[in-house]
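Q: Chain by chain, the residues run as shown.
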Amino acid sequence: MILNLNPKAIRQKLELIYTITIAQMKSRYRKTFAGFLWVILNPILTFWVQALIFKHVLKINIENYYLFLLAGVIPWVFITSSLTMTVGIFVSNRPTLMAFKIDPWVFLISQLLDNFINFVVSYLILILIVDKTVFLNPWVIPLLMLTTFFLVVFAFFLSFLLATLNVFFRDTQFILSFVLGLAYFVTPIFYQKSLLPLNIQKLVDFNPLYIFIKPFQNLLWKFDVGLYWSSMLDAFGVMVLVSCVCLIYWRKKRNVLYFQI
Amino acid sequence: MSYISKSNSEIILDIKNFTISYSMPYYRSQTFRDLFVYALKSPIDFILNESDKVIVIDNINLQIHKGERVGIIGNNGSGKTSLCRYICGIFGRVEKIKINGNVKGIFDTEVIVLPELSGRENLEVLTHFFFPELTKVERKDVIQEAAEFSELGKFLDVPFKLYSKGMRARLFLSLISSRSTDLLILDEVFNGADHFFSEKMTKRIRKVIDESSAAILISHSHDLILEVCNRVIVFDNKKIIFDGDPVEGVNYYRTHCQTSGIQGN
Numbered sequence: 001m002i003l004n005l006n007p008k009a010i011r012q013k014l015e016l017i018y019t020i021t022i023a024q025m026k027s028r029y030r031k032t033f034a035g036f037l038w039v040i041l042n043p044i045l046t047f048w049v050q051a052l053i054f055k056h057v058l059k060i061n062i063e064n065y066y067l068f069l070l071a072g073v074i075p076w077v078f079i080t081s082s083l084t085m086t087v088g089i090f091v092s093n094r095p096t097l098m099a100f101k102i103d104p105w106v107f108l109i110s111q112l113l114d115n116f117i118n119f120v121v122s123y124l125i126l127i128l129i130v131d132k133t134v135f136l137n138p139w140v141i142p143l144l145m146l147t148t149f150f151l152v153v154f155a156f157f158l159s160f161l162l163a164t165l166n167v168f169f170r171d172t173q174f175i176l177s178f179v180l181g182l183a184y185f186v187t188p189i190f191y192q193k194s195l196l197p198l199n200i201q202k203l204v205d206f207n208p209l210y211i212f213i214k215p216f217q218n219l220l221w222k223f224d225v226g227l228y229w230s231s232m233l234d235a236f237g238v239m240v241l242v243s244c245v246c247l248i249y250w251r252k253k254r255n256v257l258y259f260q261i
Numbered sequence: 001m002s003y004i005s006k007s008n009s010e011i012i013l014d015i016k017n018f019t020i021s022y023s024m025p026y027y028r029s030q031t032f033r034d035l036f037v038y039a040l041k042s043p044i045d046f047i048l049n050e051s052d053k054v055i056v057i058d059n060i061n062l063q064i065h066k067g068e069r070v071g072i073i074g075n076n077g078s079g080k081t082s083l084c085r086y087i088c089g090i091f092g093r094v095e096k097i098k099i100n101g102n103v104k105g106i107f108d109t110e111v112i113v114l115p116e117l118s119g120r121e122n123l124e125v126l127t128h129f130f131f132p133e134l135t136k137v138e139r140k141d142v143i144q145e146a147a148e149f150s151e152l153g154k155f156l157d158v159p160f161k162l163y164s165k166g167m168r169a170r171l172f173l174s175l176i177s178s179r180s181t182d183l184l185i186l187d188e189v190f191n192g193a194d195h196f197f198s199e200k201m202t203k204r205i206r207k208v209i210d211e212s213s214a215a216i217l218i219s220h221s222h223d224l225i226l227e228v229c230n231r232v233i234v235f236d237n238k239k240i241i242f243d244g245d246p247v248e249g250v251n252y253y254r255t256h257c258q259t260s261g262i263q264g265n
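Residue numbers (the numbering used here), protein chains in the order written: chain C, 1 to 261; chain H, 1 to 265.
Derived by calculation from the structure, the hints in this document are not laboratory data. Any given hint might turn out to be false.
Claimed, not checked - Beta-carbon label-pair distances, calculated as ranges:
1) H:PHE46 / C:PHE185: 30 to 38 Å
2) C:LEU14 / H:ASP45: 43 to 51 Å
3) C:SER194 / H:ALA39: 39 to 47 Å
4) H:LYS161 / C:MET145: 38 to 46 Å
5) C:GLN260 / H:LYS161: 44 to 52 Å
6) H:LYS203 / C:LEU14: 34 to 42 Å
7) C:VAL49 / H:LYS96: 56 to 64 Å
8) C:VAL240 / H:GLY101: 35 to 43 Å
9) H:LYS165 / C:LEU58: 54 to 62 Å
10) C:LEU37 / H:ASP223: 51 to 59 Å
11) H:LYS96 / C:PHE185: 32 to 40 Å
12) H:THR19 / C:TYR184: 45 to 53 Å
13) H:ASP157 / C:LEU58: 49 to 57 Å
14) C:VAL91 / H:ARG206: 34 to 42 Å
The C-beta atom is built at its ideal place from N, Cα and C for all residues, glycine as well.
All chains should be modelled from the sequences, with the hints used to inform the complete structure.
A: Pasting the structure below:
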């Protein structure tokens, strides 16, 4: 079981997640020059640097390019930073997990929550700077929330799967960082998919990270409702698949996890 | 040697036929690279070889009654701590272990949970780990009391990463000993703290043990076991080999286990 459904146990778990998240955020930002501000600034600066290079140096010609880039790059930063920061979380928290009665996934959720707060704040700030008219459409905010929900659930289960895998195969984190480095170039976040040859375009459709970024692009940049729901359907399928694989693997490995950690 | 408890009082812990073992892949690889190299080097072995079976706990039967203070002794790797982690629920819930009430345990007084945060802030987080059932007000009282008892003074506001082993032990022990419980488990907790604090802490731990319904103490200090416990269990090779009177238990351990060394599979 991942979660005990007793209301008291759920309340205690939520309190614990909240406490660890706040403590981790304090711990992370205490010694930094601009604290929390720097973490918010990081994706914003990443966005502007990429925007200037791709638009003005590489001359990528896409209509309303800043909005196109924004739709993809911030979810990309969220998902890749979440995967990178959580892949080793069970192993790095070994002493705490062996000393206290805490479910390992509590640490994972706390880290994701921390990243999620940064993601939401920086995304909202950038949308307001780049094109605040997107919010004039009353459907944008609820659909954006739904898309974000799918992204977060996917990020949770994929992180959970990789963190568990990393307990048994310690080079998972190195493989992940290699794959993500490669994925950056084969995920159409700073260029349009149509720029790729047709056979490659078909392959890109199977890129799970792109499957979760496409609904953001369809919603914010294209605002094509038909395309949006079709991309959400793909995202839903991948989300269910990844969560099932994760839960099956966790169920199989949970009892031996502590002896390998 | 089995032990029949003379106590008719309430059962706090009941374990029946509890065995834990797991299969470890034959190649014992810890990376995909090792796995890949092994599969290429010896493909037949890779497919046909069976996993090694690692026994963690071997057929344990144990009942602990209210009022019992059980000392567990045994060589390194004999299974003492693993059993207690199962009892405490660290490794998840197990059907064969039945506990009547709350169980609290401390297994390591050197864990650095959040190194950048102060001792006081770590204390707050640790309170959630040890006492999740407390209300906000109760938790505040526990933190205040533990902070005072630890005598760390201004060091409570110093980053936890700068604490010595003994200072960390003070903080952990002050917290865990601030409340009694139904079953208290203490695993080698007296290491690290200085002589004077150890004396003060021993008194307090004894008080908490007395107030708790039952207690399990794992220690290599036989003097401490004889001083605190009214029952001793000797572990050897993942099994209970003695269960009974403390003095007899310590003598049994000295005569039967001295040459066993570290016990793996």
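Q: Compare the structure with each hint and give your call.
A: Consistency of the hints with the structure:
For the pair PHE46 of chain H and PHE185 of chain C, the supplied restraint of 30 to 38 Å holds, since their beta-carbon distance comes to about 34 Å. Taken as a hint, the range 43 to 51 Å holds for the pair LEU14 of chain C and ASP45 of chain H, whose Cβ atoms sit roughly 48 Å apart. In this structure the supplied range 39 to 47 Å holds for SER194 of chain C paired with ALA39 of chain H, their Cβ-Cβ distance being about 41 Å. Judged by the Cβ atoms, the range 38 to 46 Å given for LYS161 of chain H and MET145 of chain C holds: they are separated by roughly 39 Å.
As the Cβ distance of GLN260 of chain C to LYS161 of chain H is approximately 27 Å, the hint placing it in 44 to 52 Å is violated. Judged by the Cβ atoms, the range 34 to 42 Å given for LYS203 of chain H and LEU14 of chain C holds: they are separated by roughly 37 Å. Evaluation of the 56 to 64 Å hint for VAL49 of chain C and LYS96 of chain H yields a pass: the beta carbon distance comes to about 58 Å. In this structure, VAL240 of chain C and GLY101 of chain H meet the distance hint of 35 to 43 Å, their C-beta atoms being roughly 40 Å apart.
The hinted window of 54 to 62 Å between LYS165 of chain H and LEU58 of chain C holds, with their beta carbons roughly 55 Å apart. In this structure, LEU37 of chain C and ASP223 of chain H meet the distance hint of 51 to 59 Å, their C-beta atoms being roughly 56 Å apart. Between LYS96 of chain H and PHE185 of chain C the beta carbons are some 53 Å apart, a value that contradicts the proposed interval 32 to 40 Å. The hinted range of 45 to 53 Å is satisfied by THR19 of chain H and TYR184 of chain C, whose Cβ atoms lie roughly 49 Å apart.
For the pair ASP157 of chain H and LEU58 of chain C, the beta carbons lie near 51 Å from each other, so the given range of 49 to 57 Å is met. In this structure the supplied range 34 to 42 Å holds for VAL91 of chain C paired with ARG206 of chain H, their Cβ-Cβ distance being about 37 Å.
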